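Those letters in the sequence shown? Residues 898 to 996, by the working numbering.
Source of the hints: derived by calculation from the structure; they are not laboratory data.
Watch out, some of these pointers could steer you wrong.
Said to hold, decoys possible - SDA-like mimics (lysine to any residue), calculated; alpha carbons at most 20 Å apart, straight line:
id	residue 1	residue 2
1	Lys986	Tyr967
2	Lys937	Leu972
3	Lys986	Asn956
4	Lys974	Asn922
5	Lys996	Arg964
6	Lys945	Val934
7	Lys993	Glu968
8	Lys986	Tyr962
9	Lys996	Cys965
10	Lys959	Lys993
11	Lys939	Ser927
12	Lys945	Thr976
13	Lys937	Ile966
14	Lys993	Asp926
15	Lys986	His954
16	Lys974	Glu987
Quick caveat: nothing in here was measured; it's all calculated off a predicted structure.
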Amino acid sequence: MKILGVTIFTCLLSGCWTMFTYRENYTIDSMAYWEHVESKVKASSELKNKCFEKFSHTNNYKDLYARCIYENGYLFKTTSWLYCYHKPKECEVYNKYRK
Numbered sequence: 898m899k900i901l902g903v904t905i906f907t908c909l910l911s912g913c914w915t916m917f918t919y920r921e922n923y924t925i926d927s928m929a930y931w932e933h934v935e936s937k938v939k940a941s942s943e944l945k946n947k948c949f950e951k952f953s954h955t956n957n958y959k960d961l962y963a964r965c966i967y968e969n970g971y972l973f974k975t976t977s978w979l980y981c982y983h984k985p986k987e988c989e990v991y992n993k994y995r996k
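Generate coordinates for the entire structure from the input sequences, incorporating the hints supplied.
Set out below in structure tokens:
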């Protein structure tokens, strides 16, 4: 048990941790989705595109985009904690729309 603890501690200090948490960007993006509150269906591309087109020209478009989808009855969800680990800015904005 002591050897396992020392191995994990050494891995964290040496930077080996990134080998276990690294994912390609397309994999990270697929971990986040919008789910309807009642039907549990993922948001359609049409809805996401409609909301994106409304607000993509503004400075804080991510918050307005998220609010638009949220107001249509969807909640932000992720399949793994790695999404917030790799995209902390997006998570900070979208976390308001989890409940």
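Going down the list of hints, with the structure as the test:
Between Lys986 and Tyr967 the CA atoms are separated by roughly 18 Å; this keeps the pair inside 20 Å, and the hint holds. Restraint check: the Cα-Cα separation between Lys937 and Leu972 comes to about 9 Å, which is no more than 20 Å; the hinted pair holds. The hinted pair formed by Lys986 and Asn956 meets the criterion: a straight-line CA distance of about 14 Å does not exceed 20 Å. Of the pairs offered as hints, the one joining Lys974 and Asn922 holds, with about 17 Å between alpha carbons and a cut-off of 20 Å not exceeded.
Restraint check for Lys996 and Arg964: the C-alpha separation of about 12 Å stays at or below 20 Å, so the hint holds. The suggested pairing of Lys945 with Val934 holds, with an alpha-carbon distance near 16 Å, which does not exceed 20 Å. Between Lys993 and Glu968 the CA atoms are separated by roughly 12 Å; this keeps the pair inside 20 Å, and the hint holds. For a cut-off of 20 Å, the pair hint linking Lys986 to Tyr962 stands: about 14 Å separates their Cα positions.
In summary, the hint linking Lys996 to Cys965 is supported, as the alpha carbons are separated by about 15 Å, within the 20 Å threshold. Restraint check for Lys959 and Lys993: satisfied, since their Cα atoms lie roughly 12 Å apart, inside the 20 Å limit. Taken as a hint, the Lys939 and Ser927 pair is honoured in the structure, with Cα atoms around 12 Å apart against an allowance of 20 Å. Using a Cα cut-off of 20 Å, the hinted pair Lys945 and Thr976 holds, with the two alpha carbons roughly 19 Å apart.
Distance hint between Lys937 and Ile966 is fulfilled; the C-alpha atoms sit about 14 Å from each other, no more than 20 Å. Distance check on the hinted pair: Lys993 and Asp926 sit about 18 Å apart at the alpha-carbon level, within 20 Å; holds. Taking the CA atoms of Lys986 and His954, the gap is near 19 Å; set against the 20 Å cutoff, the hint holds. Restraint check for Lys974 and Glu987: the C-alpha separation of about 12 Å stays at or below 20 Å, so the hint holds.
Every hint, counting from the list given before, is met by this structure.
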